[in-house]
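S.K.: If you're matching them up, the sequences are chains A and B in order.
Our numbering numbers the first residue of the first sequence as 1 and each following residue consecutively.
Our numbering numbers the first residue of the second sequence as 1 and each following residue consecutively.
The set of hints was computed from the structure by calculation and includes no laboratory data.
Hints are supplied without guarantee of correctness; some may be wrong.
Here are the simulated distance ranges between beta carbons [said to hold, decoys possible]:
1) 84(A) x 68(B): 29 to 35 Å
2) 82(A) x 2(B): 41 to 47 Å
3) 52(A) x 32(B): 41 to 47 Å
4) 59(B) x 34(A): 35 to 41 Å
5) 19(B) x 84(A): 41 to 47 Å
6) 78(A) x 69(B): 37 to 43 Å
7) 34(A) x 118(B): 14 to 20 Å
8) 100(B) x 99(A): 41 to 47 Å
9) 52(A) x 74(B): 34 to 40 Å
10) 50(A) x 62(B): 47 to 53 Å
11) 19(B) x 61(A): 33 to 39 Å
C-beta: ideal position from N, C-alpha, C; glycine also.
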Amino acid sequence: MIGNVSIIVRQPWGNERAVLGVRTALAAQTGGYQTNLVLLGDGVWNLTGTRPVYLDQLITQFLENEGRLICLDQDLEARTLTPGDLTLRPEIAGTVDLAELMDETDSINLY
Amino acid sequence: MAAITITLLSGAVENEAADFALRFVNRALAKGHQVNLFLFGNASYLANREVPYQGDKGITPDLAAYMDTFRLADRLEALARSGAVVHTCHTTEYARGTEGCPYLDGVDRGNVGVSLMKFLITSDVAFTIG
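Just chain B, with the same shape it has in the complex (with noise of 0.2 Å):
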């Protein structure tokens, strides 16, 4: 079985990578590799806890229900759980706004130079999505 290591650069609305590389860490767990994810860029806004609108949405039931299938916090905590390590960027979080919102459970704070590297050094393949 191999260690794999992915860096995602897209976040979760904006394209397909989000859900297909969530979607291949599935699989790879499932196959027995070990997975490391770092969140990279405008993945970073994978990283948080959500905050729901508390007030009347303003948009129709089937709009919620097309925009709900781009959430991924729900699968992401899930692989977690499954034993994927997910890291996210500080830095690119700083950029957003986003550095001292809650993460995620199983969503660990990181940089470049220490989470990214140190999955580099025990990994088999790695690449980026996104």
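This is chain A alone, in the form it adopts within the complex (with noise of 0.2 Å):
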């Protein structure tokens, strides 16, 4: 049986396949697993600027509900974002720890 979640967006907030990963791991949260929402690549750029109301209290009620939210620092650093460029205050892993993280998750669903 699956026990923990990662739910990894890819993608900006533009692209519906952003809010789709980011409710299924608020869905996930809020059901009882410990789910990671882990922003790759271009995924990153749900950390800046503004979002949509929906998605930042999608986001919210993640966090509230003691959801992980991880982002790795080489993706931040291919984009020249420095954690001070951050609307949302994610974890910032190294892709020794995201690898760690990922081997530890049941099941892990890419968005």
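Take the two lone chains, each set in its own frame, and fit them into one complex as the hints suggest.
M.R.: Laid out in structure tokens, this is it:
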């Protein structure tokens, strides 16, 4: 049986898949699964600027329910983003840390 | 045997993912696995009955035969008859204006919070395709 879930979002919010991934992450977290929401590649743009109110609500609820919001340090660097540029506060992981996290995850879902 | 949940994100024509997913479901059922299929995003287009155009189609038989290879309704209904549990996300249908359209036999209205989570609770394996 599945005990924990990772949702990997690789799209900025203008792509529906980003929102589908965040919705799934919130549903899984509130449904009792420890859930990691990983914003990978262009998914890190969801951490910048302003977002649609609905998406902000989803992410806020996800974090309030103790979901983990994670991005990769090299994805920020590749886009010349620093933690100070972000309007959300994710955990910033290295590739080794992220690989270990995925290794410990029962179900990985790409969006 | 395992219980498998697949979240399908792609529709029928945009790429080969939907075709691949249905082939996967078919083989998994044949091997005795239990399969749940959640139609999410563009995949929600797969949920509805076809509405054939009654006039002159204006395309050649070869083109029609080619396009027919992308039409998956019959295959999806067959999989449901074989035991696949198929739910669609009504919210993504709403965004596409298809929420009120009749479903294929064996496809049920669903959502992320209830349908997909019920699938996860009873699954050994879950992943996305698309």
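S.K.: Run every hint past the structure and note whether it holds.
M.R.: Evaluated hints:
Between residue 84(A) and residue 68(B) the beta carbon distance is about 55 Å. The supplied range of 29 to 35 Å is therefore violated. Range check, residue 82(A) to residue 2(B): about 44 Å between beta-carbon atoms, so the 41 to 47 Å window is met. The hint said 41 to 47 Å for the Cβ distance between residue 52(A) and residue 32(B), and at roughly 44 Å that hint holds. Checked against the given bound of 35 to 41 Å, the beta carbons of residue 59(B) and residue 34(A), roughly 51 Å apart, lie outside it.
Here the CB-CB span from residue 19(B) to residue 84(A) is close to 45 Å, well matched to the stated 41 to 47 Å. A hinted range of 37 to 43 Å holds for the C-beta pair residue 78(A) and residue 69(B), which are about 39 Å apart. Distance hint check for residue 34(A) and residue 118(B): the Cβ-Cβ separation is about 18 Å, which falls inside the suggested range of 14 to 20 Å. At about 45 Å, the beta-carbon gap between residue 100(B) and residue 99(A) stays in the expected band of 41 to 47 Å.
Here the CB-CB span from residue 52(A) to residue 74(B) is close to 38 Å, well matched to the stated 34 to 40 Å. Against the hinted window of 47 to 53 Å, the Cβ-Cβ separation of residue 50(A) and residue 62(B) comes to about 50 Å, which satisfies the hint. Restraint check, residue 19(B) to residue 61(A): a C-beta distance of roughly 36 Å satisfies the suggested window 33 to 39 Å.
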